[in-house]
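Visitor: The chain contents come next:
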Amino acid sequence: MLLKELKFDSTKHTYIKNITDVVNDVIKKAKVNQGFTVVSSRHTTLGIIVHEIAEPNLLEDIVHHSLDLVHEDKRSTRVHKDYKHPTKDYKHRCQDNPYCDEIDEDYNAAAHIRALTFSHSSVTMPISNGKLELGKYQEVAIFEFDGRDGKGKNPVRKRTVQIWISPFDEVEVID
Amino acid sequence: MLLKELKFDSTKHTYIKNITDVVNDVIKKAKVNQGFTVVSSRHTTLGIIVHEIAEPNLLEDIVHHSLDLVHEDKRSTRVHKDYKHPTKDYKHRCQDNPYCDEIDEDYNAAAHIRALTFSHSSVTMPISNGKLELGKYQEVAIFEFDGRDGKGKNPVRKRTVQIWISPFDEVEVID
Amino acid sequence: MLLKELKFDSTKHTYIKNITDVVNDVIKKAKVNQGFTVVSSRHTTLGIIVHEIAEPNLLEDIVHHSLDLVHEDKRSTRVHKDYKHPTKDYKHRCQDNPYCDEIDEDYNAAAHIRALTFSHSSVTMPISNGKLELGKYQEVAIFEFDGRDGKGKNPVRKRTVQIWISPFDEVEVID
Chain A
247 MLLKELKFDS TKHTYIKNIT DVVNDVIKKA KVNQGFTVVS SRHTTLGIIV
297 HEIAEPNLLE DIVHHSLDLV HEDKRSTRVH KDYKHPTKDY KHRCQDNPYC
347 DEIDEDYNAA AHIRALTFSH SSVTMPISNG KLELGKYQEV AIFEFDGRDG
397 KGKNPVRKRT VQIWISPFDE VEVID
Chain B
247 MLLKELKFDS TKHTYIKNIT DVVNDVIKKA KVNQGFTVVS SRHTTLGIIV
297 HEIAEPNLLE DIVHHSLDLV HEDKRSTRVH KDYKHPTKDY KHRCQDNPYC
347 DEIDEDYNAA AHIRALTFSH SSVTMPISNG KLELGKYQEV AIFEFDGRDG
397 KGKNPVRKRT VQIWISPFDE VEVID
Chain C
247 MLLKELKFDS TKHTYIKNIT DVVNDVIKKA KVNQGFTVVS SRHTTLGIIV
297 HEIAEPNLLE DIVHHSLDLV HEDKRSTRVH KDYKHPTKDY KHRCQDNPYC
347 DEIDEDYNAA AHIRALTFSH SSVTMPISNG KLELGKYQEV AIFEFDGRDG
397 KGKNPVRKRT VQIWISPFDE VEVID
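So the protein lines, in turn, are chains A, B and C. All letters in the first sequence, in the order written, are residues 247 to 421 by our numbering. All letters in the second sequence, in the order written, are residues 247 to 421 by our numbering. All letters in the third sequence, in the order written, are residues 247 to 421 by our numbering.
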């Protein structure tokens, strides 16, 4: 089993970012011809999707839908006079998690619910011929629901995504 | 690792279709007693679900909910005077994807968002005793969100679903 | 491959319950240092999630959102004068499933749709250093959408969740 960790800063609030080339580069570097890849998030407001990622307007439609469907907490730092999506009341405060030992004064229940609704904590993809076995329009991406730009009290979001590769000796095709 | 590809035409717009027997037949033909099966879609508007599939009224409730929750693009070929579900404006056009080299003049942002919300690009299921290990009401199905009947400008949808089987030598049950 | 079955009664309607310690205990008992765990539900109205589970107000926000977004069947035994979430008409009746050979006179289309929207029939998680490889706030939980308390005609819900463990010899970290 092979492991590659991707580490990056997530400074924009809600966005989708293609990581297909990164995953394929890891598979190539590991010289794995066939097997499975599990791409997994280590976060609860950033998930993984396999979807059509190459058309920017589609990504914008998806992001807008996620913001319209799951209303933002009225207390969120995102909600200001120019905020265009619906808001509502939630109970959750980040700092109430018993594991929380960092500065986090935001109210991100909506980001959690969007992650549950629109993404996965991990996705499993076959590898064949030394790369991800994907359809013509399929690519793998991270879906960030709660990036932080470092302005205000909350620090920039540090994110980690893991690429696990489990090689297999051969693939037998069944007619 | 064993691979079986299912290929079929998808001519109805939004529907759920049971493939449990097909997957179990592949497992039987491959003489695999225990292991994992990954059923994966090669499309971004057709996903896989494990759910209760045998009650047709439930499938109708699920399909109607998906059409009501995620509004159709006003420009879609589906939207005509008898269309009963909500519509709205999106930005996405199929032909704007840089990989698009076929005739596709439709507007299917809603189908993409429904696939993200209600289905999976792949599902992982255990195999034991030579068949899928599923509960009494569980079955595996494809959930199509963007079939095309071939009338109008867009051709019939050709779909491919892959069944990957990874056999294991034995299962040890932990008390 | 190792298998542990968790069996429990589910008497509350909609709730999220942490099973991280149970899964880690199974991994420890099985003396598995690295590999994959697949946690799978045998039900269509109870799914698995990997999410932030330790903050009770967040769980309440998630549960309320699921009840507000997917309207309950007007005929459901849950809907009485104090029911605070929206209701609507569905077609599904539990007893119409051809496999149904038990007393089940409820109307749970909404529970099915919530399970499809907010949970997974199975989740795949890496194991490293003898325990689940999870981020600081990530835990694994069951998300029950249709518990039954045994009052009225329908018996208490008996639930089974399976923990499948596939060990690997070693993990090689790629720089």
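Keep in mind that the hints were calculated from the coordinates and are not lab data. There's no promise every hint is true.
Since the list can't tell identical chains apart, any single copy or any two copies may satisfy a pair.
To be verified - Calculated cross-link-like contacts (lysine-lysine; reagent style DSSO-like; alpha-carbon spacing at most 27 Å):
no.: 1; residue 1: Lys337; residue 2: Lys263
no.: 2; residue 1: Lys404; residue 2: Lys382
no.: 3; residue 1: Lys330; residue 2: Lys253
no.: 4; residue 1: Lys382; residue 2: Lys399
no.: 5; residue 1: Lys275; residue 2: Lys253
no.: 6; residue 1: Lys258; residue 2: Lys274
no.: 7; residue 1: Lys334; residue 2: Lys277
no.: 8; residue 1: Lys377; residue 2: Lys320
no.: 9; residue 1: Lys337; residue 2: Lys275
no.: 10; residue 1: Lys320; residue 2: Lys275
no.: 11; residue 1: Lys337; residue 2: Lys382
no.: 12; residue 1: Lys334; residue 2: Lys274
no.: 13; residue 1: Lys399; residue 2: Lys275
no.: 14; residue 1: Lys330; residue 2: Lys277
no.: 15; residue 1: Lys334; residue 2: Lys320
no.: 16; residue 1: Lys327; residue 2: Lys337
no.: 17; residue 1: Lys382; residue 2: Lys397
no.: 18; residue 1: Lys253; residue 2: Lys320
no.: 19; residue 1: Lys330; residue 2: Lys275
no.: 20; residue 1: Lys258; residue 2: Lys377
no.: 21; residue 1: Lys327; residue 2: Lys275
no.: 22; residue 1: Lys327; residue 2: Lys274
Visitor: A separate judgement is required for each hint: does it hold in the structure or not?
Guide: Checked hints:
1. Lys337 / Lys263: between (30 Å within a copy, 18 Å between copies)
2. Lys404 / Lys382: Answer is between; shortest inter-copy Cα gap is 12 Å, intra-copy 32 Å.
3. Lys330 / Lys253: neither (31 Å within a copy, 43 Å between copies)
4. Lys382 / Lys399: So Lys382 and Lys399 pass the 27 Å test across copies only (21 Å; inside, 43 Å).
5. Lys275 / Lys253: Answer is within; shortest intra-copy Cα gap is 18 Å, inter-copy 32 Å.
6. Lys258 / Lys274: neither (30 Å within a copy, 39 Å between copies)
7. Lys334 / Lys277: neither (50 Å within a copy, 47 Å between copies)
8. Lys377 / Lys320: neither (44 Å within a copy, 38 Å between copies)
9. Lys337 / Lys275: neither (46 Å within a copy, 38 Å between copies)
10. Lys320 / Lys275: neither (46 Å within a copy, 46 Å between copies)
11. Lys337 / Lys382: between (43 Å within a copy, 21 Å between copies)
12. Lys334 / Lys274: neither (47 Å within a copy, 43 Å between copies)
13. Lys399 / Lys275: neither (40 Å within a copy, 43 Å between copies)
14. Lys330 / Lys277: neither (47 Å within a copy, 52 Å between copies)
15. Lys334 / Lys320: both (5 Å within a copy, 25 Å between copies)
16. Lys327 / Lys337: both (22 Å within a copy, 25 Å between copies)
17. Lys382 / Lys397: between (40 Å within a copy, 23 Å between copies)
18. Lys253 / Lys320: neither (31 Å within a copy, 40 Å between copies)
19. Lys330 / Lys275: Result: close neither inside a copy nor across copies, 44 Å intra and 52 Å inter.
20. Lys258 / Lys377: Result: close neither inside a copy nor across copies, 30 Å intra and 32 Å inter.
21. Lys327 / Lys275: neither (48 Å within a copy, 55 Å between copies)
22. Lys327 / Lys274: This pair counts as neither: shortest intra-copy Cα distance 48 Å, inter-copy 52 Å.
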